[in-house]
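**Student:** Listed here are the chains, written in short residue letters.
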Amino acid sequence: MAELKPAERMKIKRHEMPNQDHVLRRGNFEEVALGYSLETAKTEAERCLQCKDPKCVQGCPVGVLIPQFIKALREGDMVKAVEWMKVKNNLPAICGRVCPQEVQCEGNCILGKKGEPVAIGRLERYVGDFELSQRTCPLVKAPKTGKKIAVVGSGPAGITCAVDLGREGHDVTIFESLHGPGGVLVYGIPEFRLPKSVVHGEIGYAADCLGIDIKTDHVIGRSFTLDELLDDYDAVFLGTGAGLPSFMRIPGINLNGVMSANEFLTRVNLMKAYQFPEYDTPVKLGKKVAVIGAGNVAMDSVRCSARLQSLQAKKTGDVPGEAHIVYRRSKDEVPARQEEVHHAAEEGVIFNFLTNPIEILGDEKGNVRALRCVRMELGEPDASGRRKPVEIKGSEFDMEMDTVIMALGTNPNPIVFVDAAGLERTKYGTAVADNDSGRTKKKRVWAGGDVVTGAATVISAMGAGKRAAADIGKFLKGEVSWD
Amino acid sequence: MENVSGKIIFLMKLWETPLFCSLFSYGYIKIIYNFGTLQTEIHAAYKEEVPVYKILKKEVLSDVVKLMDIDAPHVARKARAGQFVIVRIDEFGERIPLTIADYDRDKGTITIIFQELGKSTMHLGRLNPGDALASFAGPLGHPTEIENFGMVVCMGGGVGIAPIYPITRALKEAGNRVISIIGARTKDLIFWEDRMRAVSDELIVCTDDGSHGRKALVTEPLKEILGDKDNKVARVWAIGPAIMMKFVTLTTKPFNVPTVVSLNTIMIDGTGMCGGCRVLLEDGAQFVCVDGPEFDGHKVNWESLLSRLSFYRDEEKKAVEHWEHKCRLDGTLVKGRE
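Those sequence lines, one after another, are chains A and B. Okay, so the first sequence: first residue is 10 according to the numbering used here, each after it adds one. Okay, so the second sequence: first residue is -4 according to the numbering used here, each after it adds one.
Just chain B, with the same shape it has in the complex (with noise of 0.2 Å):
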């Protein structure tokens, strides 16, 4: 028993070195036992991952939002406006959600549009057409009910201007008169302002400093579009930071018009097994991965769910910290991020 013990003792000790951490993730060796006479040793038949699913394309839409196209038929010859899809870097990575912006059935392509926030965003910023992603799964969540509803109200606040387009796009083909509200924090988080003017009947840009556009906070022009008595507004869509819809939903709420937010909350896998996405509505909680994402923003609880995405953002600042440390060690941190 000795023996074991001091065997043990030694592979928790090799344990906390980072090269046996990554050796022993990817399975190369994995000394299960040494035990009495016979020594067995399970090489796992496991192989290294190879990341498959191609950058097309990447496009540098600002500072930190990125747009990129990635090779995966299996997810373009199904999506719809309004879904989304899980992405995961590569071995070490975690299953992030990201809206679909676009997609291409005949080249089976999807494109997404990311703000880099976290460690996985900054990490796929870094990304470069020819590289690959480990996991690309999709779509996911029930698309965005589309028919002509009459007038609607299009809104996108951020990075949230890139899944607003695709849904844009197909109310005004279904015969909508649309008016469209874009809106940042400053003139160079706005992108794609010709490609929602293409496809609304009428556009507002703002900013929050003035610097592009109307300055003001999309629910000014929002509040004014509703106060209009010529105006019969059917139907609200409103996708952004949280906050914005939240405020969004406030908005609306005085003027009774039903209002559509698409929510991006915490996921794991994405396919309703983990309930880590949960968000409390008036009448129970539900998935936003299998129910949603889109939801009636009246109804959804949005103190709780503010709480919620809160919930990991001292371990969201370590594992930004953590790569910047690596980072640097590899000498890859690209200037401008220091």
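Only chain A is shown next, with the shape it has when bound in the complex (with noise of 0.2 Å):
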């Protein structure tokens, strides 16, 4: 394609990611967004205005040169496209699929102002699938420093801190306590919105290109301590995440049937669960399903059992079950991306705004039997700027459920810390770190990504990790010191 001009490119429109369609995903766990074709790719590319002072680039945690490689993009040069990306950024697939784009990038991008962004996201996966498939560019090690450094945890935020720091030669171990590695990436977020063949892939090629060992089954704390990690290593970064589920304080919590969403995601994404019993691991899920919370984990929870419920409509010729969302809230509080909710009642989930659980009642036999709320009208704004929901007086209702799924949001979890003297945390059980250099109060000691800020997103853990890992690397060459 000739040169064009800004205002022939602003006139271009948007591609809409293609997807699969609503009524037959809603039958499996395959992947929703299908991804651009090269065409598709290129044509999008060609809107980028290529701005001398890229907004885009500051709204990225990790700071992707999106300039460049969207214009190697448009120019067909995709190895170019490609070492562009993995200049900042090792797992794009990941990155171009899970990343809250419309309050990064895309929400910087001044084509936003007064249209709409250029789908930044939908072009790092192309270019990152591109690279998965192909190989392109293999990541290159530079001479051995030998350094040893510990990182615990597989999640986003210890895989970018590894893949950095064996990039720059440093001899990385990474211990996981469960028997894969990917951490929130493969035991939280389904199928269909992150295959695990991608997770793997991306985590699988860094690690045989830079000689990164991941030791699986090791749980620190309890296999080995944090300080007897740093007997061996050099340095040691922490990226254990948020993995502690919260519950409700209401009755009826223990009843059979109430799990948390970290329950009922592991079951079905780490363990396969929707593939029993050719896979050990069940999961009992009602004709009824009511997940309370409306963030990203509540809709992957919902679409889960959406799907499963279909599933299961299908061997026994019934009609599919409800999932419903139950939220305290109201539509405009919802903290999960857009798409995911757009998709999830595309798929036929029922939100129930304004409704807050006050109990779960159960049967004889200790089953949920139904879930008891009152509904809410929204109030003054609180302490986070949103409207606060207010009890609605003498307005109780029952709602019939035979599943409830928890999704309030998770915290640290505390074993890591054990036999870690000097690691200073919070009343909320995170890690006390710096935000700019990840150290904490333990000398050698570095952590980023939920276990600092508590439950938050795959980028900004990414992104903790990577300013960790600069920090690690100055340290141990001893460009700064520790005090």
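Derived by calculation from the structure, the hints in this document are not laboratory data. Values in this document were obtained by computation on a predicted structure and should not be read as measured data. Virtual Cβ for every residue (Gly too), placed ideally from N, Cα, C. Take the hints with a grain of salt, since some may be wrong.
Said to hold, decoys possible - Heads up, simulated DSS-like pairs for lysine-lysine below, C-alpha to C-alpha not over 25 Å straight-line:
{"no.": "1", "chain 1": "A", "residue 1": "K486", "chain 2": "A", "residue 2": "K153"}
{"no.": "2", "chain 1": "A", "residue 1": "K64", "chain 2": "A", "residue 2": "K89"}
{"no.": "3", "chain 1": "B", "residue 1": "K73", "chain 2": "A", "residue 2": "K157"}
{"no.": "4", "chain 1": "B", "residue 1": "K313", "chain 2": "A", "residue 2": "K324"}
{"no.": "5", "chain 1": "B", "residue 1": "K73", "chain 2": "B", "residue 2": "K49"}
{"no.": "6", "chain 1": "A", "residue 1": "K296", "chain 2": "B", "residue 2": "K313"}
{"no.": "7", "chain 1": "A", "residue 1": "K224", "chain 2": "B", "residue 2": "K49"}
{"no.": "8", "chain 1": "A", "residue 1": "K80", "chain 2": "A", "residue 2": "K97"}
{"no.": "9", "chain 1": "B", "residue 1": "K73", "chain 2": "A", "residue 2": "K224"}
{"no.": "10", "chain 1": "A", "residue 1": "K122", "chain 2": "A", "residue 2": "K64"}
Said to hold, decoys possible - Non-contacting residues of chain B with respect to chain A, defined by C-beta distances greater than 10 Å in every case (computed):
{"no.": "11", "residue": "K53"}
{"no.": "12", "residue": "S57"}
{"no.": "13", "residue": "D66"}
{"no.": "14", "residue": "D101"}
{"no.": "15", "residue": "E142"}
{"no.": "16", "residue": "N143"}
{"no.": "17", "residue": "A229"}
{"no.": "18", "residue": "V252"}
Unchecked claim - What follows is a list of derived Cβ distance ranges for each label pair:
{"no.": "19", "chain 1": "A", "residue 1": "K452", "chain 2": "B", "residue 2": "K49", "range": "32 to 40 Å"}
{"no.": "20", "chain 1": "B", "residue 1": "D126", "chain 2": "A", "residue 2": "T154", "range": "39 to 47 Å"}
{"no.": "21", "chain 1": "A", "residue 1": "E287", "chain 2": "B", "residue 2": "D196", "range": "45 to 53 Å"}
{"no.": "22", "chain 1": "B", "residue 1": "E298", "chain 2": "A", "residue 2": "K452", "range": "44 to 52 Å"}
{"no.": "23", "chain 1": "A", "residue 1": "V427", "chain 2": "B", "residue 2": "D196", "range": "28 to 36 Å"}
{"no.": "24", "chain 1": "B", "residue 1": "D278", "chain 2": "A", "residue 2": "K402", "range": "26 to 34 Å"}
Mind assembling these two chains? They're in different frames, but the hints should get you there.
**Tutor:** Have a look at this one:
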């Protein structure tokens, strides 16, 4: 294509993401967003104005060189596009799928002021998928430094940190408590949003290129303590995430059929319960499922529920059950990505806004029978700036349910803090660490991601892993001291 | 679009075939899309999982109770009495908690003893030295609090004899006077009698049917011991089926003797992540995996525990049926199990 003028670029409309049909997809766990074709990707890339002062880059927690990779992409030089991408982002196929672009790069895009921003996330995914299948740009390890680094946790923060340090020539060992790497990317985010093959592809490739040793089934705090790691390694990075589920303090939480979103998603995603009995782990889901909460984890849970109900119905010939979201605030306060809410609605999820559960009722066998709720209305804005939901007196009512899934946020797992004297924690259980460097209060220990911030996003964890890796690198080279 | 829908329907049909399920799950093939002009195929750099935790020794303690030594130095180096491990047999396996029956730090081995109850334990029982397990994580949970309490009673019911052994040994080594009571439904299910005798000042053996030792439930001799004014029992440990532990706590309650039970609930990760193992105590819910597995038995809500334990019973049955069917097709079903 001949070089376009800015006005011509701005005339091109943003390209929709082709999605799997919503009726079909409710009956499978295949990926929903199908990805751009080369043609579409190149035309979408033509929309980029190549700003001199690119605002999109400022909106990215890891500072991906967005104009550069988009330029290479539209010129058809995929290898170059991958190279530009990998300067800052080692896991583009993952980020392109799960980042909240609307509040990051795309939220800052100048085109978004008057029309629609460049679909940066979808282009990133395109480049990432190209690299996943073609392998044009192996990660190169610098000459060995002889320094040893232990990374605890193989989720987004840990992997990013490990890869950056591996590229610098350090010897990196990752300790993972579960049986495979990926952390929340494999136990939390469902297959239809982020296929396991993408996660394993990205991580496996990076580890192979850089000689990173991933030790699974190693629970730090139990098999080895942090202090023991410090004896053997020059630096330790904690990216243990926030895996401890919260339960509502209401009567009935111990009834059969009540589970945390973590339990439900771990069964379904990590253990592949949707393929039971081919896989050993089952998941028991009723005909009426209530997911409490409206964040991304709630959306993942409710969409998994809808799929399981469809698969179940296909077997029995019944009508599929109902999957509900129960949320105490209104539609406008929903914290999940807009796309997830939209997809959930398409898939037949029923939203109950301004509805607050106060009790879970059981039958004589101890199984869930109903969810007792009250109606809410919005009052004055609270500390978070959102209008506070207030109970409407006398509005109690029961919703018939047989499964209740709590998706109310998570806290850091305390096991890693065993025998880790000097590692300070906040009252919320998170590790105290400097935002820029990731340094904790314990010498030679860095931390980043959800273990520091509490439950947040994949990309913010990656950003923290990246910043910590930079500081660890400088510290190990002796460019900066600890004190 | 039509083209794509057609492919999806085709994939869905494929999906229902076991071959596709297994290939798909291994990550061998994964055609993400075939859309427009570019055909993108993602080959996951995901390798077939190679089980690494070798089974070094196997002992058949009874028809349904087996012992195995597993090569797992990362667990053995820290293992203590009262803790547990999470075991996963293979790629398709579930994560099951098993209590540590013994450990050898020098050899780097962990001894597990299990009763074949569901699909996973039956499958495990079929493995032999030379085979290996896909996952072996631990040691998990808090170790038993060991000190010289004076006089203690250690009780093991059925396969619970295995985990009570290292606790009994540690209590004996700490200077306690130890009375042990082990019991099972019938003679064949009793094991490690000699080992238990060696670490106890007194050992009482019971069977429900009287085929060995005393014909009684373990709670009977316990009640006699507690009722004897000459005995000052400081603490009781009980490990076994939930129903046995419940009745032990009911027996000790009137005597006000602190009673420690070790709970074996449904777990997924075993590290505090899922909350599936939560147990209702007098003062709220706790997680067996990180807060336990040992609890003050007098505080446990046994009705809730027993009900939660039975929640997945239908699925457990289905898993066994599916597995036995598969074994029959493979011709690997051992005689005596049909």
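**Student:** Could you see if the CB distance from A/V427 to B/D196 stays within 28 to 36 Å?
**Tutor:** holds, 34 Å
**Student:** So is B/V252 really clear of chain A, every C-beta pair being over 10 Å apart?
**Tutor:** holds, 27 Å
**Student:** For B/D126 and A/T154, compare the CB-CB distance with the range 39 to 47 Å and indicate the outcome.
**Tutor:** For A/T154 against B/D126, whose Cβ atoms are near 40 Å apart, the range 39 to 47 Å holds.
**Student:** Is the distance from the Cβ of A/K452 to the Cβ of B/K49 consistent with 32 to 40 Å?
**Tutor:** holds, 38 Å
**Student:** For B/E142, which was marked as not at the interface, is the minimum beta-carbon distance to chain A over 10 Å?
**Tutor:** Check passes; 20 Å lies beyond 10 Å.
**Student:** Take the C-alpha atoms of A/K80 and A/K97, compute the straight-line distance between them, and say whether it is at most 25 Å.
**Tutor:** Distance ~16 Å between A/K80 and A/K97 Cα, so the pair holds.
**Student:** Are the Cα positions of A/K224 and B/K49 separated by 25 Å at most?
**Tutor:** holds, 16 Å
**Student:** When you check the alpha-carbon spacing of A/K122 and A/K64, does it fall within 25 Å?
**Tutor:** holds, 12 Å
**Student:** Has the hinted range 26 to 34 Å been met by the Cβ atoms of B/D278 and A/K402?
**Tutor:** Cβ of B/D278 to Cβ of A/K402: about 31 Å, so the range 26 to 34 Å holds.
**Student:** For the pair supplied as a hint, A/K296 and B/K313, is the alpha-carbon distance within the 25 Å limit?
**Tutor:** With Cα atoms ~20 Å apart, A/K296 and B/K313 stay inside 25 Å; holds.
**Student:** Check the hint pairing B/K73 with A/K157 against an upper bound of 25 Å on the C-alpha distance.
**Tutor:** It holds: about 23 Å lies between the C-alpha atoms, which stays within 25 Å.
**Student:** Are B/E298 and A/K452 spaced within 44 to 52 Å by their CB atoms?
**Tutor:** holds, 50 Å
Figure legend: structure checked against the earlier numbered hints; every hint is met.
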